[in-house]
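Colleague: Listed below, chain by chain, are the residues.
There are 2 protein chains.
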Amino acid sequence: MPPRFDFTIHATDGKARLGEIAMRRGTIRTPAFMPVGTAATVKAMKPQDVRASGADILLGNTYHLMLRPSAERVHRLGGLHKFMGWDRPILTDSGGYQVMSLSELTKRNEEGVSFKSHLDGTRHMISPERSMEIQRLLGSDIVMAFDELVPTTSTREVRGAAMERSMRWAKRSRDAFDAGGDHAEGAALFGIQQGALDQDLRKESADALLDIGFDGYAVGGLAVGEGQEAMFGVLDFAPGQLDATKPRYLMGVGKPDDIVGAVERGIDMFDCVLPTRSGRTGQAFTRTGPINIRNARFAEDTGPLDPACGCPVCANSSRAYLHHLVRAGEILGAMLMTEHNLYFYQALMADLRAAIGDGTLTRFATAFRADYLARPDS
Amino acid sequence: MPPRFDFTIHATDGKARLGEIAMRRGTIRTPAFMPVGTAATVKAMKPQDVRASGADILLGNTYHLMLRPSAERVHRLGGLHKFMGWDRPILTDSGGYQVMSLSELTKRNEEGVSFKSHLDGTRHMISPERSMEIQRLLGSDIVMAFDELVPTTSTREVRGAAMERSMRWAKRSRDAFDAGGDHAEGAALFGIQQGALDQDLRKESADALLDIGFDGYAVGGLAVGEGQEAMFGVLDFAPGQLDATKPRYLMGVGKPDDIVGAVERGIDMFDCVLPTRSGRTGQAFTRTGPINIRNARFAEDTGPLDPACGCPVCANSSRAYLHHLVRAGEILGAMLMTEHNLYFYQALMADLRAAIGDGTLTRFATAFRADYLARPDS
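Just so you know, the sequences run in chain order D and H. Taking the UniProt record's numbering, the leading residue of the first sequence gets 1, the next gets one more, and so forth. Taking the UniProt record's numbering, the leading residue of the second sequence gets 1, the next gets one more, and so forth.
Rather than coming from a laboratory, the hints here were simulated on the basis of the structure. One or more of the hints may lead you astray.
Treat identical chains as interchangeable: a pair holds within one or across any two.
[Unchecked claim] Only pairs whose alpha carbons sit at most 20 Å apart, straight line, appear in this in silico SDA-like list of lysine to any residue:
#: 1; residue 1: K43; residue 2: A328
#: 2; residue 1: K43; residue 2: G282
#: 3; residue 1: K43; residue 2: G329
#: 4; residue 1: K43; residue 2: E330
#: 5; residue 1: K15; residue 2: A230
#: 6; residue 1: K82; residue 2: D301
#: 7; residue 1: K43; residue 2: T281
#: 8; residue 1: K43; residue 2: P312
#: 9; residue 1: K82; residue 2: T302
#: 10; residue 1: K43; residue 2: V273
With the hints as constraints, model all of the structure from the sequences given.
Modeller: If you want it as structure tokens, here you go:
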């Protein structure tokens, strides 16, 4: 019988860990980057090409999927894996973040959050119990507890109250998950630490989560505009407050240099729309920093997006061709830029894993930053 | 040394011909369907996937490419094949059709056509000589003569005058092509028959073209709104007016049943945006007629787009998933619908070729129409 959720740490380098999460649908190499498949598709990518880029796991969005095509429909069609043609692990978020950032007329109380769909104005509700039900219907492998987010600039009172409510919701998520029967046999549940930038709130949140017990722990409430310095400030202490034997997941992060710094601070898992979203608007990641392929200086540049990249796009397409495609608004431009960016992210994760294994992470990270941050975004 | 342009007819069945065109960049099986790669990309498709669908040759648009990124730039970047990553034959049109249908403030005289770009308002000119130059700069394998189009509903005088001018331009195209040096070593030149729906004008045009001499002959000026009956009426006589030893190309056609009827009437080559354009808007071709995947009845349909189809999309994706993707405006929806449609067209061409080889074309065509036209477009 395949393991439900076995996290093994193979090596450490400073606070960074090289590991693997073994699950029934496949093994996730950590530190891991999870491409975002918002609406049952990693935008502009076929599933086999996402896999070929090196991804072991995708993220699906509860909020988007519950609205369209609906969790119940996905369930009737055999679950999210079958629906979208991805047979490896899928992590689903709880809907908590998107319901606050995308929906309208949101009403929150202790029960949960009710809101109007940004698609068609219909009213919906998410509570911890409903979030667990949706993620169960989708067939998620890694289920996230439902939490409440507030801006890091909220008053201390608001920050504390949101963290405390999130911990009550974490317990309700745990209970609903455990009551879910068949789901609990194969899936894992992660708790989410809140507490904004406050070390004491973060500690209180971590202790509450550890008391409940989860398969993994996310550092939530970051990457919401606080800036890299403030985020790293939290990451200097937050991972250490969590269970060292479980994976630590930094939600919604981030830029390549964010990821390198977070891995150095002990984070094992990441997700972000940046490689896919920026690919669609013409931004390509390279080891010497991001470039905007729309820039006129690329119009007759016969070189690849990134001379240091081994992806199929860099092997076959010139900057001049991609410049043309993106400027002309061609779908193939979005496809190829996205594919390159996903390879870039996965190659970075592979290099980080290799450096941790070799005990050379500090050297790698220093050299990476020297190259990547050497010049402003062109 | 590979052949420049060798057309071999392997079998005939009624007026239909099974053949091959051998060129330096590859062999084109006929009857052939050429996907349209307007702006140096078959929209939403990677070149390798276009090839995997069974395409031996692509069409590129002179009008679009001369405006963006410009023929001169494509030439400096090594030609269209290298630029877009397609190493097999490419046919380029002359720009004559698009300049009339897409550009603004068009002025025609005996020299050529001057026009304002639909992209940025800049003024440009195409003459027979400039069209040959552009197609040479692009590195086209099959170059089309520059012609003048008028609606089939024009007066007899206008129809006749446009045909006669097109024949003078055909001669200038031939002379400019032959003067082109290196280009003439590897590329072929096709003449375009005009004459609207008039059998005598078509005969006069054919005789003028045969007098000049071309590697192949296109039936031009059709598929411009005259309807299938009128088009087939012309195809009942027009192919027979041309050189039986050369390929006959019906430009801009068409619907699957148009193609079947045209093959029965002796046409060897086709191009059309229909499979790609309609794929992007949610229409899928099936052997029992086109379907619109946005239709609510497909929302929970777990079957493939077309049970009779062997394409990768039908193997991996349900109608329900494609319904979701197209409704959500996802790029992957456009990608997969386009891929299926291109496979559908190439499978139809393969079946037509097999039927001609077996001497069973009438039976195949009758059965195809019975299935395909049995019900109105859903």
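Colleague: Between the shortest in-copy and the shortest cross-copy C-alpha distance, which are at most 20 Å for K43 and G329: within, between, both, or neither?
Modeller: both (15 Å within a copy, 10 Å between copies)
Colleague: Is it within a copy, between copies, both, or neither that the alpha carbon of K82 lies no farther than 20 Å from that of D301?
Modeller: Between copies, since 13 Å is at most 20 Å while 41 Å is not.
Colleague: Within a copy, between copies, both or neither: which one fits K82 and T302 at a CA-CA cutoff of 20 Å?
Modeller: between (40 Å within a copy, 10 Å between copies)
Colleague: Give the relationship of K15 and A230 under a CA distance limit of 20 Å: within one copy only, between copies only, both, or neither.
Modeller: Answer is within; shortest intra-copy Cα gap is 19 Å, inter-copy 77 Å.
Colleague: With 20 Å as the alpha-carbon cut-off, assign the pair K43 and V273 to within, between, both or neither.
Modeller: Answer is within; shortest intra-copy Cα gap is 10 Å, inter-copy 24 Å.
Colleague: With identical chains, the pair K43 and G282 could be close in the same copy or across copies; at 20 Å between alpha carbons, which is it: within, between, both, or neither?
Modeller: both (14 Å within a copy, 17 Å between copies)
Colleague: Given a CA cutoff of 20 Å, do K43 and T281 count as a within-copy pair, a between-copy pair, both, or neither?
Modeller: So K43 and T281 pass the 20 Å test inside a copy (12 Å) and across (17 Å) alike.
Colleague: Please work out whether the CA atoms of K43 and A328 approach to 20 Å or closer within one copy, between two copies, in both situations, or in neither?
Modeller: both (19 Å within a copy, 11 Å between copies)
Colleague: Cα distance capped at 20 Å. Does K43 pair with E330 within a copy, between copies, both, or neither?
Modeller: both (14 Å within a copy, 7 Å between copies)
Colleague: Go through the copies and call it for K43 and P312: within, between, both or neither, with a Cα cutoff of 20 Å.
Modeller: Both. Shortest intra-copy (18 Å) and inter-copy (19 Å) distances satisfy the 20 Å Cα cut-off.
Figure legend: structure checked against the earlier numbered hints; every hint is met.
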